[in-house]
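**Q** Protein chains in written order, with the numbering used here: chain C, 1 to 323; chain G, 1 to 245; chain X, 1 to 290.
Since the hints were made in silico from the structure, they are not lab data. Keep in mind that a hint or two might mislead.
[Unchecked claim] Only some residues are given here: those of chain X computed to face chain C with a beta carbon under 10 Å: (1) Pro35; (2) Phe62; (3) Leu90; (4) Gly92; (5) Leu95; (6) Val100; (7) Pro262; (8) Leu269.
Remember, predicted model here, so these are calculated numbers, not experimental data. All C-beta atoms in this analysis are idealised placements derived from N, C-alpha and C, irrespective of residue type, glycine included.
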Amino acid sequence: MSARIAALVVALAALATLPFWLADIYYINVSSQILLYAIFALGLDVLVGYAGLVSLGHAGLLGIVAYATGFMLMEGLGHPLAIVIALAIGLAGTAVFAALSLRATGIGFIMITLAIGEILWGLAYRWISFTGGDNGIGLKTRPAPFGYSMSSPYTFYYTTLIIFLLSVIAMAIFVRSPFGAALRGTRDQPRRMNALGYHVWAIRFWACMFSGLLTAVAGILFVYYTQFISPQTVALTSSAEVLLMVIAGGPATLLGPIVGAALVVVVKSVVSGFIERWNFLLGAIFVAIVILMPEGLVPGSARLWRLAWRKAGAQRAKTEGKP
Amino acid sequence: MSALTVKGLCKAFGGLHVTSDVNLDVQPGERRLIIGPNGAGKTTLFNLITGELTPDSGSIALFGQDITHVPSRRRPHMGMARTYQIITLFPRDTIIHNVSLALLGLSRMRWNPLIDMKRLGHLTEDGRAALDRVGLGHLADRPLAQTSYGERRRVEIAMALAQSPKVLLLDEPFAGLSIDERRDVHQLLLGIPRDVTMVMIEHNMDVALEFAERITLLHFGEVIVEGTRAEVVADPRTREVYLGH
Amino acid sequence: MNFWLVLAVNSVTFGGLLFLLSAGFSLIFGLMRIPNLTHGSLFMLGAYFGAAFAGGMLGIMFNFWLATLMAAALMAALGALAERFLLRQLPGQQLAQVLVTLGISFMVADFCLMVWGGDPVNVATPAGLGGFIRVGQAAFPLYRLAIIVIAMVFAVALWYLLDRTRLGAMIRAGVDDPDMARVVGIRVSRLFTIVFALGAGLAAFAGIIGAPILSVYPGLDQDMLPLALVVVILGGTGSLLGSFVGSIIIGFIYNFGLALLPELAYFVLFLPMLLVLIVRPQGLFGRQVP
């Protein structure tokens, strides 16, 4: 137990002091990106890992919030109001998303979320008068909470870090709660849960809303980070990428989506400097993990580590046992 | 007032009548056995009673209250619990967690997304007590994946009992058990107090007959014979249903 | 009047291409119970290969039709390999298989970028079909009519395969009830490989013969996959007739939608699909519930 706490403290210290030991502004920005994508991935994990519902339309939810923010800023609203309204719109959109998608589970759920994602992408691409089509919407400024302008990569990083930590805490509380246990129950044995007195649809609906909340928060951070929103963000490939983050890292874990987000963002930003075709790499990693390590990198590595530890222990016992 | 009343229950899938005008009247504290050859519609009857299936016509009443249109998820709250033919437990969790989920199902706490579940001490206490009653108290913290089939059957029954049901529906509780395990479950069922009315589906005649006070024989979705154990066993129609002559 | 007529013919042509694309998708969905998210990539990769063969890769400029057959055969083989060595590692795990097809689509998309670059590849209309047919005032491109004919021929051929051959009977049995099919002695896993290869080959074929009209470009897979999805959901999985009718309908909706309501084109296309999924989610699988 204390090893875990020690690791946590070290990690927190590293994150808090990151701009000092990772001096290059490029890498500070990459770190901000990792954090905001981690929030997105955690949001999707609520459904994929804990509810057992795989969504291929979550980029659509992110897009709704991002476009709403961009549009309102363009119309002259101030940042605080734009953010609040965008979050509200995001939640409303999530409610509709949930009501439609929860008509089915399993493959049916994937298909409906995919369809919704495609519709949203189609709207983003074609409803040019509203979304600017392929040209997208650009954001001119970033907000300045408490007077600290987020145009500075340092301020942006620390703001994102704080929101990230709050999101992780929210996830931890959620997962450990009775509702979280009920949600996991509906994932494993929905019929039995119904027979035990649980309202399975309602539990899934509220899980979607929580997922949508985290996604909306990530959406706001995203649109301020890139200061741009275009249909590409809402496309199927974007939904697939965040799904990859969750699956690769390890669904139904707290650390998994974070590791997954780091993996994908690093491959996209850093590795792409060396390997041009990083999508190929991502796809290959995805396929490899699904086939070879389906529980994800975090639980899978932990399992391999324990295996190696036990083998080393057995080896030691053997050599020590023999006189 | 009877504990469970079923009147004129009918269910058809396309042209196939799986339940035809079934009537059932189970008194409080009674031990009712439902038997019949494969395909007789016994599990379907259970699914209709618990609400997992909607009847085409007919009514179901629990202690005088009409529950025909009450959604299946509400019936446990009204005192109806059920076990399944195929064990449907939560494989990724410990035994105590499985039983805690059963207890949580009836508690308002199940909607709480904020407190740590570990703080629901009373839930765990009641859960351990329920496990003690089925003789599994010592295994409470064992992951379900590391238990035997017989132990899992008893966990299922513990989960149903944990919800303090007034009517307990058991779907083939002896299925797949060894002789020793059957003895354990049989003892368990005998020990259940009379404030729980029990209706059981079973194929295993030796244990089931011992358990039964009244028996209902189903065939092709219809009630063929009903009466006390002695009556049904002696009835020539029973022989006909099982042996065809 | 002319405009509508030409639009109508284009719609039928596009419908024909969609049919070739979705027939395979529908069979795979019906038999293997997964939406093959690689299907758009197979269309695109097949088109690239066909363009490459016809355009002088391997040192020889193959005849268009020969190039088409070669590319389709190549893709069928690759499809078989993918099924055999990747999907079959996850027997019965539909969710995981869908994820694998997703991952493969990423790889194929990037592979195409690697090999053929970012510029669209144009494919010349095959010799002899470059002209027009005049009917009264209207002029219809000969090639588009040819595609309609080819699609019809394949529709009949596929119908014959499914309805009149032993293989087809096995496929239909597998679509109906894979477990029962196994019990009766049908090697369902081998069927999976065959159907996946067939689907890949058909998709590739559609890709190449569509290339003179659509050309081949990065993102073609993302354009075609959703259309196949819509067709199959509207037409029913595992149903050839459904794919055929659905393809024609979607061909019309797509072309007329783009011409008349460009801002809502995708909305008009996907809304029916969403409605079907919501109203009859079990309709996807016929007798099975997902």
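**Q** Hint by hint, say whether it matches the structure.
**A** How the hints compare with the structure:
With 10 Å as the threshold, the beta carbon of X:Pro35 comes within range of chain C, its nearest partner Cβ sitting at about 6 Å, so the hint holds. Because the closest C-beta pair between X:Phe62 and chain C is about 27 Å apart, greater than 10 Å, the hint is violated. Given the 10 Å rule on beta carbons, the hint for X:Leu90 holds: about 7 Å separates it from the nearest Cβ of chain C. At about 13 Å, the closest approach between the beta carbon of X:Gly92 and any beta carbon in chain C exceeds 10 Å, and the interface hint on this residue is violated.
Among the interface hints, the one on X:Leu95 holds; its C-beta lies about 6 Å from the nearest C-beta in chain C, closer than the 10 Å criterion. The beta carbon of X:Val100 comes within 5 Å of a beta carbon in chain C, closer than 10 Å, and the hint placing it at the interface holds. Against a cut-off of 10 Å between C-beta atoms, the interface hint on X:Pro262 holds, since the closest Cβ of chain C lies about 6 Å away. The interface hint given for X:Leu269 holds, since its Cβ lies 7 Å from the closest Cβ of chain C, which is under the 10 Å cut-off.
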